[in-house]
Amino acid sequence: MEYEAVIGLETHVQLKTQSKMWCGCANTFGSPPNTNVCPVCLGMPGVLPVANEEALRLTVLTGLLLNCEIPARAKFDRKNYFYPDVAKNYQITQYDQPSTRGGHVDFEFQGGMARVRITRAHLEEDVGKNNHFDRNSGVDFNRAGVPLLEIVSEPDLTSADMAYEYLNALKDILVYGGISDCDMEKGMVRCDVNVSVRPKGGTGLGAKIEIKNMNSFSGVRRALTYEIPRQIEVLQGGGTLIQSTRRWDDAGGITEEMRTKEHAHDYRYFPEPDLMPFEPTPEWLAAVKSRMVELPLARKQRFMKTYELPAGDAEVFKNDVPLGHYFETAAQGAANPKAVANWVINNLRARLAETQAREIAEQESLGLERSDMTFTGLSDLKFPPQALRDLVGLVENQTLSSSAAQQVFVEMFETGKAPADIVQEKGLAQVSDTGALEALCDEAIAANPGPAADYRSGKLAALNRIKGHVMKLSQGKANPGLVGEILERKLRA
Amino acid sequence: MLNTLTISETTARLQRREISAREVLAACLDQVRRVDSKLHAFLALDEPDALAQAEAADKRIAAGEQGPLLGVPIALKDVIAVRHQRLSCGSRILENFVSPYDATVTGKLRAAGAVIFGRLNMDEFAMGSSTENSAFGPSRNPWDRERIPGGSSGGSAVAVAADQCIAALGSDTGGSIRQPAALCGCVGLKPTYGRVSRYGLVAYASSLDQIGPFAKRVRDAAVLLGAISGYDPKDSTSVAQPVPDYSAALTGSLRGLRLGLPREYFAAGGLDPQVKAAVDAAVDKLRELGAEPVEISLPHTDYAVATYYIIATAEASANLARFDGVRYGLRVDGKDPIELYGNTRGQGFGDEVKRRIILGTYVLSSGYYDAYYLRAQKVRTLIRRDFLKAFETVDAIVTPATPTVAFRLGEKSQDPLQMYLSDIFTLSCNLAGICGLSLPCGFTRSPKLPIGLQLLGRPFGEETLLRVAHTYEQATGWHVQKPALD
Ligand SMILES: [Zn+2]
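Just so you know, the sequences run in chain order Y and P.
Counting from 120, one number per residue, gives the positions in the first sequence under this note's numbering.
Counting from 1470, one number per residue, gives the positions in the second sequence under this note's numbering.
Hints listed in this document are in silico derivations from the structure and should not be mistaken for laboratory results.
Hints are not guaranteed to be accurate.
What the hints assert, rightly or not - Simulated crosslink set (DSBU-like; lysine-lysine; CA at most 30 Å straight-line):
id, chain 1, residue 1, chain 2, residue 2
1, Y, Lys380, P, Lys1745
2, Y, Lys198, P, Lys1858
3, Y, Lys194, P, Lys1847
4, P, Lys1858, Y, Lys194
With the rest of the complex left out, here is chain P (with noise of 0.2 Å):
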């Protein structure tokens, strides 16, 4: 059962040299063969090229290299480019293409020697809270399988759960990663604005776009953390901010740290009550382990969710433009090129994706433009005020990371609004810039589902998210609760 194994004891392991890496590959191969067809958190699996990777690393390791992911598999969502492999983003109109270079994060993984294997499923075009806007199927939720894992993430979330992988990447544009990994019970991290290279992501919405990790284990985020960090000069927006070592942050101590607990969010209409339960369970929790919990106010909050739905999508109607069918993907002809590219749309984006490019290219529109994306900006600088205040007097801010656990496939599906509410907590996270993360802190009772909790830190601040998301873990045992998956 090597596929279960945390990234630290996988390479202290394979330093040790009881193991090697194309036996802990072949481990999670061998637990994507017995358990995906139920899951359904791959798209494609190349195996003779991840084969091959984990013999490079074996040879790496046997010559005396060290290093954090030094053989370690690692699966990506299918957003993130990996040269000569697919990057569909979920989508129909690039079922068939094959990325011609590496992502930024995909060569810093390469260069530590990890094994990447696998594209992960997610909504298409990182739209969507619950994988069921993929083209090619949702994935399922490993603790119900008749329930969501949330999204647009979802494949990287039920991936790390169900232990077809050490750990993952995915994207987080409004709360793609935090949210699905509290609904599958993993840890997951947005980075801060700037913190990872964007060069290789296929954008939904440019500004507020991040990779991250998905792990099984605090500690873990923090080394995958580390590794794919750090300025890019192929992309503009990252910050030339030194990168720590985010392990030494992990001391294990909480004393004199404030965490603000924003009323709106404790406050929040559709809370579910086990939710809120658990959450302030962990928030004793915190106070007892030596931080001081202390109540705070974010006035802006009730504004996020329609000033990220007019900012996405304004971004995304122009990141998805050039989705037409002439250069790459599919094509469907027309007998000119309006009608190629409506031929082309009309069939390769679903229902979602056109509609946030119909709303994003209503709001950029002469005579919306005002009313709509430059209002949209200015309480985005509000919300992002809000942010910074608050860590004026506390340095992390704890919330719960959904509204609910999660819910039923189909339940949502033809209601967007609904959809659109399951991320109230998480996007205010991406208007600010700022960093989030979210784990495990309960189960929901019957059925037995994962409840997430969210740290919200300043920016650039992942190091004491970290710390407390750590200190947390080792005193409770909710991150080796497994589902059951046969």
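The following block holds chain Y by itself, in its conformation from the complex (with noise of 0.2 Å):
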């Protein structure tokens, strides 16, 4: 029989916050253990939580990315459990009246287009990080209390690569909408995999078996490549598969049976009473709508259709928003955009790549931290995008050959200066003055007997010769074209 997979996803994602969920307390990574801490984060007696007004806003503007409905009434509500991790022993969560519920992804995959549903995002609180020692254990609460959204997909996926493709598609959502930074390595974003394998076609689901501990895209991906294989063929082989949980071990590349059904946690969810319910008014909402902003799909589809961009292309400036977003300005009222992306992605992202390079070789051999050094970056480039669009404008009119931009480009990036007043002060415009040309053709033939006889008795290649002798004798400028039209008039004659 054949099987096919039913999965879903849980991703945790810590929100961009200046402060923690429910107290002022910094919301930040790598500070020194327990220093980004206070009473009410260390659950101490008596205190009390203050929902942070901009997490709540990140949650319905993530609904509102994910095509969510955002309910007229969320409230709180404590999962209780036991955890050295967890300062109060419950963890302040939205259990059955989330901030948004009922939505959906779409997302490019194998060629075509791809919808998963989404449940339901909702706003909790992180956990601190239990730290083991050899002789004793510690607990670093830093990153207790950190907002954390919980963007609860439907078992619409069916293979690791769709999983794979839909965690990439989610995060740019997610990072497009300044909703969180998505730093895996910081762990800013972590899943939990619900999956079951049933027959192909069937409409059963099976077993949910679900897994912990992937703290990468990857990782999930290799997670779901080892556990579907091995759930179909404990049923192949004749056995049965029992709800539980297992543990993800990425470097045995293998998962592990955590605890089964029976010994699940029975949180005893109950409505958190030191929070109201939220309701948001329409001004509220309107505000939050107001910060919605275009989904990367969307913007790579709309690269493609109105400035004709290939799709990789279209993909470049989607992977980088202020490329993106740059190449727009500069694509304005240009006569071919396209022109202007290959000078975007090719000539300017590389030599500001090459800038960078040099910028942090220099900065490391002062001994600064990658975080405290500063490069140059889109925004302090010298010249405006529109110098850019002229420059191709210039090309396109035949005033510079594409050398001579090239020249045009690094002095534009080195001074600023404006690409027309760069090819007057170089003389760099292309000799399209037929007079001049012809006399430096004579000088050429004259100079090249040799290659103008060859040419004469058919050897045609023989013309690059003399072309280039008169791209010398006019230092660059002149119009390659015009030149050849010039030799091959005179030669044949």
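Please dock the two separately framed chains into a single complex, following the hints provided.
This is the structure we're talking about:
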């Protein structure tokens, strides 16, 4: 029998707020243990939580970006369980009345489009981090109380690759919306996977198995690539699967059983009495709506349509939002946006990358940490985006040869001067004055009797030699097309 | 005998520079030294800190500052956080815990120039009606030291009744201010839920807890309530309702006021005849003073005890989960975290606290939640509706504060249900989120023990309660009677 996988994902994302969810402590990564803490996030006796308004806004904004419904009333609940990294031994979360529900994410998959339905995106608090030493353990509560969004998908995913692409699409949306930096290395995104298998084409669901402890999207893909065949093998071998929780061992590349259903936690959820239900007003919602951004996929499609860019270029601009924004500014009113895109991607981006590599090396040699370094970015450029459009225009109308255009670009990058001024100053305009070119051509033919004879006897390639001489005489400014025409006419005469 | 002064007498004499805050505090400290070995109202006392505060208050007075609490010694129940002072909540598990921060009410008292001194005894984590659940031994009723003072804020009631302080703060979750105030013969007020910030009050049942004043006079309760009330951005459940001048409400007139007498309360089994007689007499007095008593019905009264013990214990089971030996307080080690939790909580909590945690854990458990917690929430709504409906026709409700006067130490400690029933008249007020006040309305003959009258008011109707209480108090002499302490 053939089997298919049914996969749902729970994705936890740290929200990009200044302060924590319930207190004023900084929401930052990498501070020394227990330095971003206060009585509230340490769960001291008598303290009370106060909801971070921006976290509520970012949650609803996420809901809007994921096409969710925003219920008129949301509330917080306590999820009770004892664990040393949970300061209060309950986590404040949204159980049955989340801030958002019922949305979807569209994304590109295997050359087509795919859609995963979103059950809900709800707000909760992150917990601390247990650290184990040789003889004892400690808890770092810096992360405790950081606002955390849990995005729960419907079981609409059918393969490890599809899960991977969904996660990337989700991440793009969250980064676009300024919801989260989604920095995996800082633990800002964590995933739990629910996966079961069933006979292909079936409608029922097999025993749901949850996998925990993946800390990257590729980890999710690897875990599923291991787990799906494992489940199929069990069933094909005549075995049965039971609802359970498994742990992904990234080093070993396997999943291991943690607990089965009968040992499942009873979290004893109940409404958080320290917080009032949240009922967004129309004004509040309108303010959040005004922060909506174009979704990554829509942006890519728009770039392809509006500017007639190939998918590859549009993808570059989707992934690099500021670069895409720069392109759009530069391409305004351009006759050939595709050519502008080429300049932005091939020349500007490359030149910036080179500059930044040099700046990093310099600052490293001064002993600076990466986080303290400064580099040239798009906003530091000495020329405006319009200058790049002008440069492309000069090439398009044959004022500049492409090699001369490279020179102009270097000069623009260094000095910020306008392309036309550079062309003028350096005399880089193509010479298209036929009289002047005729004289140069005559001189070149005279200087190359051999190649001239070769051409006349039918070796057409010999023309390049003479053409090169003309270019040299003109210091690169001669219009190469025109030179070729004149030489051909003269040699055939 | 400056310790016997009321708040208004103290501030009047301080303003006239007849006395100093230092002298008032010294008188209180003397009284503590004289009587507290017998009464055990205090768990801790930081004299140097209190003296420094009194001196600071004297400087403010000397600089011409005036204020209704400036220089007044006020003691706090050991469940309200005061920075750098112990915050044990009457429990072994927090025996040596020192608060790193001030509760909002503490900050307000400091700003008002009150001299905050002493940590007052209580039932462990405010769970109890007698202070017998204090891990550090019970407090004793100043009228009869073989009897309980009530609870959970028993220490606060004793300290005020025995003139060990000028006034005190306690907390009330199901009657923990009104019941001990009634049993010790002082004034106790439970404000409307949301009137006073709970930030810094160690939570027992978050949706029921309120901090409130204990005082020797109704006027003092009004002054103290005004000082601690108000919206607090640190407490999302506090309400942005303007704080009136509560003293201005003490007009002395009851003309036109309708007072509801809930028949369910007066017909309750277990209501002591002497208590009933005193309350009936008080109703007559109120009528004489111009009020119009009318019988009303609060039909869901019978369900209050069950509802209360489901909701309060459910919330408590989560609120007390943080006391686990990991970050602060008592730690009794184990081979793994689970064993450490078990050892710490097993040794740190007393029986009643454990009983309520287990009960609360049970009612929230999967499969029981709907039958208990959810149903209790629905009944709670009905109880609140009963009151709101009653307040459409009456301005306040008058009931006995307790079914009996103070019982003997040990009399009910082996029978939790009997103990729970001593709060039947006070629980509903917290479930409904309304305000309540109790004040002396007489004494039993032999032994002579105080009887309390309870007034219940609309949400944010504290002014009416204070006005009725003050008018009654001024027309009677109960409040001037003092226990013989020697
Ligand atoms: Zn904090």
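Enumerated hints in conflict with the structure, sorted upward: When the structure is compared with the hints, numbers 1, 2 turn out to be violated.
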